[in-house]
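Number of protein chains: 2
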Amino acid sequence: MSKKLESILSKQSEQIDNALSQLFSSLPDFDMYQHLAYFMGFADETFKPKKIYGGKRFRSSLTMLLGEYYGVSEKTLTAALSIELFHNFTLIHDDIVDGDELRRGRPTVWKLVGTDHAINSGDAQMLMSLQTVLNDDHLTAKERNLTQTFLSQQYLKVIEGQFLDFTLTNQPLGSEGVSEEKYLEMVKRKTADLIAAATGVVGVVAALDESEQQDLFQYGYLLGTAYQLCDDVVSIWGSKNQTGKQEYGDLLAKKKTLPVLKFQEKLSKEHSDIFCANFNRSKELLVEEVEEIVAQFDSLGIYELMMSTVNQIAKEAKQSVDNLSLAETQKHTLKKVVDELLIDIKNV
Amino acid sequence: MSKKLESILSKQSEQIDNALSQLFSSLPDFDMYQHLAYFMGFADETFKPKKIYGGKRFRSSLTMLLGEYYGVSEKTLTAALSIELFHNFTLIHDDIVDGDELRRGRPTVWKLVGTDHAINSGDAQMLMSLQTVLNDDHLTAKERNLTQTFLSQQYLKVIEGQFLDFTLTNQPLGSEGVSEEKYLEMVKRKTADLIAAATGVVGVVAALDESEQQDLFQYGYLLGTAYQLCDDVVSIWGSKNQTGKQEYGDLLAKKKTLPVLKFQEKLSKEHSDIFCANFNRSKELLVEEVEEIVAQFDSLGIYELMMSTVNQIAKEAKQSVDNLSLAETQKHTLKKVVDELLIDIKNV
Chain A
1 MSKKLESILS
11 KQSEQIDNAL
21 SQLFSSLPDF
31 DMYQHLAYFM
41 GFADETFKPK
51 KIYGGKRFRS
61 SLTMLLGEYY
71 GVSEKTLTAA
81 LSIELFHNFT
91 LIHDDIVDGD
101 ELRRGRPTVW
111 KLVGTDHAIN
121 SGDAQMLMSL
131 QTVLNDDHLT
141 AKERNLTQTF
151 LSQQYLKVIE
161 GQFLDFTLTN
171 QPLGSEGVSE
181 EKYLEMVKRK
191 TADLIAAATG
201 VVGVVAALDE
211 SEQQDLFQYG
221 YLLGTAYQLC
231 DDVVSIWGSK
241 NQTGKQEYGD
251 LLAKKKTLPV
261 LKFQEKLSKE
271 HSDIFCANFN
281 RSKELLVEEV
291 EEIVAQFDSL
301 GIYELMMSTV
311 NQIAKEAKQS
321 VDNLSLAETQ
331 KHTLKKVVDE
341 LLIDIKNV
Chain B
1 MSKKLESILS
11 KQSEQIDNAL
21 SQLFSSLPDF
31 DMYQHLAYFM
41 GFADETFKPK
51 KIYGGKRFRS
61 SLTMLLGEYY
71 GVSEKTLTAA
81 LSIELFHNFT
91 LIHDDIVDGD
101 ELRRGRPTVW
111 KLVGTDHAIN
121 SGDAQMLMSL
131 QTVLNDDHLT
141 AKERNLTQTF
151 LSQQYLKVIE
161 GQFLDFTLTN
171 QPLGSEGVSE
181 EKYLEMVKRK
191 TADLIAAATG
201 VVGVVAALDE
211 SEQQDLFQYG
221 YLLGTAYQLC
231 DDVVSIWGSK
241 NQTGKQEYGD
251 LLAKKKTLPV
261 LKFQEKLSKE
271 HSDIFCANFN
281 RSKELLVEEV
291 EEIVAQFDSL
301 GIYELMMSTV
311 NQIAKEAKQS
321 VDNLSLAETQ
331 KHTLKKVVDE
341 LLIDIKNV
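Chains as they are written, first to last, in our numbering: chain A, 1 to 348; chain B, 1 to 348.
Worth double-checking, as some hints may not be accurate.
It does not matter which identical chain is used: a pair holds within one copy or between any two.
Claimed, not checked - Computed list of lysine-lysine pairs in DSS-like fashion (alpha-carbon distance at most 30 Å, straight line):
no., residue 1, residue 2
1, 4, 318
2, 111, 346
3, 245, 269
4, 157, 245
5, 11, 331
6, 51, 318
7, 50, 157
8, 111, 255
9, 51, 245
10, 157, 48
11, 182, 283
12, 142, 283
13, 48, 182
14, 283, 111
15, 48, 188
16, 245, 255
17, 3, 346
18, 255, 51
19, 4, 315
20, 335, 266
21, 283, 318
22, 346, 50
23, 283, 3
24, 254, 11
25, 157, 182
For the record, the hints were derived by calculation from the structure and aren't laboratory data.
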């Protein structure tokens, strides 16, 4: 997250951090909750209470910012917490499936306490994410019900997106089930629908009219889509310095992200078959081979194609902001969020 | 489940089956939901729709029976569905952790579609279990809120119980963390709190007075506790014919169930050390060794001790029924449920 974006959301992310900290310190003295406190950045590896970096809180901070703009700050806090808890629950379970041993520079939950506990503690956190709104005295029973319904529908889409991700991973490049369309469908559910939850829930809580609710939802949905595609670009063209992750990480892991699909779909049948066979082989790709692949991407203008795709989606995200009944300065900030969230794509 | 108990709950279990069948056939045409339809008994191993045995539906049927008694049948259906979905979600995730390959005579979800999908599809089912009440037009927003709050609190206890189960499993017999008290604490959360959810939720939906809500809750809580202990006994003293499971299953799996703990705690320090060392050894126990252990249990009267513990809890469960504002015939049936659920302990 860029310094500018951090500064736009600094008050909000502090609010989230404080509320989460309060939530975790109010939980029963039960080891299971310490796994979660650890993952969320409120305990060290020996489960001693300690404030450690626990993520950007981007989604929930965005909820808080919009809540402020619509004058419903107090009413949006528990929804924002729900989103942050849910997002982190997905990471706990994703890390198991992906076999990832580190996150935010620390051992993942399964690595620290075992897969059995990581599955179960993740389950607890998902349940907790669905509880936050239930006892919120700032909301009427009807508002709680509407908020819960909206959030849980979005959450189910995120889980569907995870399913689509496995399905894509398990099929070889070049097969019918692996296409730009399928990939975008996955990204929209797995990533966009959660950021759409973060923006859209404010429309629900503030009881905005149908069309403004839809615009708020679209803002997050498009922002989330562009964000994932930007991430795909940075993993291929970004430096380690920029991403903090392994250079060419996605390609070395043979992830069939949008740049790969755009490239493969541009090749002749013959060239595509050769490329796919190499990409699908069981042996790992070497760094030299990945560098050669990126050079081929460049010769077909894949970076520029990705840029133009991301820019188009970003433009549409900003257009949804134009329709909102907010002050111009507020709209300006929401557009700035789009630019700043996607800034890395320009810096590769 | 005994024939008599099946007949007491036959109408209710049919209601549940029909409602679940309707729910699953109304889901989007998305493969993930087919994993769940398969597990719940609405599809075969190739995911073709087919009615197959999907469990006893005991918990949810009990909710429906009580709903009928209190004249709130229509209002309890979505809560009953929630409980059935949640119960089955726990089984999907438990089967992964336990490495169990078969359930109800069919491959478990992870065995059929892989661990990644089984974690994720289980997550979806937990979420769905929390959605059933949200759009129930038979409930006011406030009733939905109260029901959700009650159920989710109970569900979190069940997940805490699973945590305690791992903790017990990971500690050797004879260590401080493994005791009758710890075991009972685990059983109460993992098993009793879900059956208490099934009975207690009717008190919430019917808005009974505080003390009657408590009695209904206690009825399920005690019934659930006795049920698990009965299961422990049957796994040791029951025949394969009776349980449909492997003879001595719990002992061969070195589960530290209540009979084992009661026995070990009765031994002198010296004998206990020998017994524990043998039980904790990494090598598997042979059937002959297990038979010898059971003979030792018998010589110390462990079966009789278990019987008296279960009978005492069953008696208390029936006492909570006495306090309910129901007709005598209804109370009689609820007591009959206790006897029939625990009947196997008498038939070993």
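Hints and how they fare:
{"no.": "1", "hint": "4 to 318", "in the structure": "within (18 Å within a copy, 65 Å between copies)"}
{"no.": "2", "hint": "111 to 346", "in the structure": "neither (35 Å within a copy, 45 Å between copies)"}
{"no.": "3", "hint": "245 to 269", "in the structure": "neither (34 Å within a copy, 55 Å between copies)"}
{"no.": "4", "hint": "157 to 245", "in the structure": "within (28 Å within a copy, 38 Å between copies)"}
{"no.": "5", "hint": "11 to 331", "in the structure": "within (18 Å within a copy, 58 Å between copies)"}
{"no.": "6", "hint": "51 to 318", "in the structure": "neither (35 Å within a copy, 50 Å between copies)"}
{"no.": "7", "hint": "50 to 157", "in the structure": "between (34 Å within a copy, 26 Å between copies)"}
{"no.": "8", "hint": "111 to 255", "in the structure": "both (23 Å within a copy, 25 Å between copies)"}
{"no.": "9", "hint": "51 to 245", "in the structure": "within (23 Å within a copy, 49 Å between copies)"}
{"no.": "10", "hint": "157 to 48", "in the structure": "between (35 Å within a copy, 23 Å between copies)"}
{"no.": "11", "hint": "182 to 283", "in the structure": "within (25 Å within a copy, 49 Å between copies)"}
{"no.": "12", "hint": "142 to 283", "in the structure": "neither (56 Å within a copy, 58 Å between copies)"}
{"no.": "13", "hint": "48 to 182", "in the structure": "between (44 Å within a copy, 24 Å between copies)"}
{"no.": "14", "hint": "283 to 111", "in the structure": "both (26 Å within a copy, 26 Å between copies)"}
{"no.": "15", "hint": "48 to 188", "in the structure": "between (38 Å within a copy, 28 Å between copies)"}
{"no.": "16", "hint": "245 to 255", "in the structure": "within (15 Å within a copy, 43 Å between copies)"}
{"no.": "17", "hint": "3 to 346", "in the structure": "within (15 Å within a copy, 70 Å between copies)"}
{"no.": "18", "hint": "255 to 51", "in the structure": "neither (34 Å within a copy, 39 Å between copies)"}
{"no.": "19", "hint": "4 to 315", "in the structure": "within (20 Å within a copy, 67 Å between copies)"}
{"no.": "20", "hint": "335 to 266", "in the structure": "neither (33 Å within a copy, 72 Å between copies)"}
{"no.": "21", "hint": "283 to 318", "in the structure": "neither (43 Å within a copy, 65 Å between copies)"}
{"no.": "22", "hint": "346 to 50", "in the structure": "neither (36 Å within a copy, 53 Å between copies)"}
{"no.": "23", "hint": "283 to 3", "in the structure": "neither (40 Å within a copy, 57 Å between copies)"}
{"no.": "24", "hint": "254 to 11", "in the structure": "neither (39 Å within a copy, 53 Å between copies)"}
{"no.": "25", "hint": "157 to 182", "in the structure": "within (15 Å within a copy, 39 Å between copies)"}
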